[in-house]
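K.L.:
All chains should be modelled from the sequences, with the hints used to inform the complete structure.
2 protein chains.
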Amino acid sequence: MTHEFFKIISRVEFEALLNSFPAVGTETVSISDAFGLVLGEEIISPEDLPPANRSCMDGYAVNARDAFGATEGNPAYLECTATLRVDENPGFELQPGECAAIATGGTLPGGADGVVMVEHTHDLGSGTIEIRKSAAPGENIMLKGEDVAKGTPVFQSGHKVRFQDVGLLAALGIKEIVIHRKPRVGIISTGDELVEIDAPQKVGTIRDVNSHTLRCLVNEAGAEAVNYGIVRDELNKLESTLEKAIAENDLVLLSGGSSVGMRDLTVQAIESMQDSEILAHGVAISPGKPTILGHAGNKPILGLPGQVTSVQVVMLALVVPFIRQLMGQKDAFSGTDRFLVQAELGRNTVSKPGREDYVRMKLTHREGMLPLAEPVYGKSGLLKTMIQADGLMIIPADTEGFYAGNTVSIWKI
Amino acid sequence: MTHEFFKIISRVEFEALLNSFPAVGTETVSISDAFGLVLGEEIISPEDLPPANRSCMDGYAVNARDAFGATEGNPAYLECTATLRVDENPGFELQPGECAAIATGGTLPGGADGVVMVEHTHDLGSGTIEIRKSAAPGENIMLKGEDVAKGTPVFQSGHKVRFQDVGLLAALGIKEIVIHRKPRVGIISTGDELVEIDAPQKVGTIRDVNSHTLRCLVNEAGAEAVNYGIVRDELNKLESTLEKAIAENDLVLLSGGSSVGMRDLTVQAIESMQDSEILAHGVAISPGKPTILGHAGNKPILGLPGQVTSVQVVMLALVVPFIRQLMGQKDAFSGTDRFLVQAELGRNTVSKPGREDYVRMKLTHREGMLPLAEPVYGKSGLLKTMIQADGLMIIPADTEGFYAGNTVSIWKI
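Residue numbers (our numbering), protein chains in the order written: chain A, 1 to 413; chain B, 1 to 413.
There could be a bad hint or two in this list.
Claimed, not checked - In silico DSSO-like links for lysine-lysine, alpha-carbon gap of 27 Å or less:
1) A/K160 with A/K150
2) A/K379 with B/K175
3) A/K202 with B/K150
4) A/K175 with B/K384
The set of hints was computed from the structure by calculation and includes no laboratory data. Just so it is clear, the structure is predicted and the values come from calculations on it, not from any experiment.
P.N.:
Below, the structure written as structure tokens:
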């Protein structure tokens, strides 16, 4: 057991290092498989949407002049010359005094520039329609190209595909798009004390928690988790597993090694890889300080703390955004996709200056007031603080804490 | 084309009807597959976690009495009688004046009740350790059962499994749990004007957007989407497809039919199913009013509006929470899992009283201020309002709107 000092860098510096790794390659996928992935190309609309003027309502297509001034008390009377099928491309021109029955989504005939809703009309029989409300030009119509005009840029490269975006792509007839493929993330648990979760309880052993939590968070980030199981504290075994994981993945996460001896082993294993370098020996966040960043060739390797809570915080604060960046997402570290809740802090909460604190917080709903946020204290080796917590409160490195009564942002987890 | 009035009910009444459908059945799954699913059983801890007193630090296990009052200037000197392997179950008792080297996660020997961190010690050689800091009893130790005591209820039935919960289950050696299975949700698009997305652009046709957006949202809710393609406006065809979808799924979503004629057809098709009933003909929300709820046997059927934006709002506001309820989640309609952002409203935004409005909103980030929220107006047949929107602002049915300058909650989408 050696006593080692190691240089730690700020969270901002650590993110800058992570940011220097390029996104993974792109591939073409069906839009059915694109939800949540990140565009690797700009999308330009190939056509006008809608392709012609369409009705937004069930009713009658009219020329607005013919219905001008129509009211309940002073209706207009128009001759209905056609009942349009919804999928019809009307080949005729509406003449003055005429109207055509049209359904929602139907295409307007030439000469029509408005639709009067069926609720404001009355069919008098023999083809005469009483119109009880005027229609301004363009009323109840989607104009040709109003949704998207041909040639318009629709989405930028680096945009995360949302459900509504999949809908727009479908509407434009874009069946396949170029996205960044899902990164593969290798997960290795290290530690002589670790056993598989089906091992019976035995004093001295600890079941492998981190492989499971890391897998969940990697998958939730949108990447593909590949577990390499538990590796004992043997340099040779760790080196060969790490080498295999690097070859097979875009990012490798080692968890364990928060003890000084294990940290040394992780550093040694990373350094023994071809074309490798340690970029950071720690990051000034709490919990999560003993986080190591290295690379082998162009593949990033993160040596995460073994403490169950520390590793969960590091995953949320740094690794999940890093995975999103590897997936090509712009501003992956901006934090704008964090689910923040305003709350009233229930007690003074202090932090050591010089490190960014991620305090586990419990939220209590209060009718008509901000929820009450109270810290959940406990050692970072305990799982229960994250189990009891509803969110995290970040105390910046240049702040000594917050006072009871302060309005604070809680990042829901 | 007929002019039909139909009774609409409030969103709260509609939710109460949805709430009357029971959750789907349960099954046993590996915890590796449980993330995001909902527990169908209560979990009781089968053992103490940790099973014995464990060190949280690299250092020396001591009896606190022996290190009492130790400082840099006035250290204590203890005899190190053992170097414990991290996975060792120490079979000996620490005697007065003795200590044992221990790593993070290691089990304490009998007689030890504290750990002095290695940073506060110095190995003088020949087995003598200089202790430069006292350790209070319990310091740097996780006590037996401190995380979870044997027999404690850990999670309630109806709890949604989070990543940290998977970790705790792993730690407790719980390999399999009972969860509500993923509901299967059948999706049928209806409308004569609809064509597949690979159809060339043609005036009069509309590519099938809703099948795609619904699939994304159903999957995101945690259910399994089953698409039944496009059905033309023919009662026979719609009936046979609906019958098949009901047999094969836990919930059926019909989209299209927001025109009066199509709505009639949807109602007729639902009513023709065995043991069926229409429960609601509409809901007082905008967009989304023409939403039909029915059932066939114990299977719920929703007739959703065909307008692309309306259906997306109904999915977010009602169908996604309904799917979570079918998955067994407690309080699925509480809205507590909505990602709300506080913002300053940029302009007066009015709403018709008597209906709950879901206004599409654009958020603009402003340094050091609340973001600015501005409504994105546009017809509900246009896709672009949801594309441009960052979120929804809900104007309750009993409110006429909000003023520019008001602080409002925007539900990020």
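K.L.:
Indicate, hint by hint, whether the structure satisfies it.
P.N.:
So, going through the hints one by one against the coordinates:
no.: 1; hint: A/K160 with A/K150; verdict: holds (22 Å)
no.: 2; hint: A/K379 with B/K175; verdict: holds (25 Å)
no.: 3; hint: A/K202 with B/K150; verdict: holds (14 Å)
no.: 4; hint: A/K175 with B/K384; verdict: holds (19 Å)
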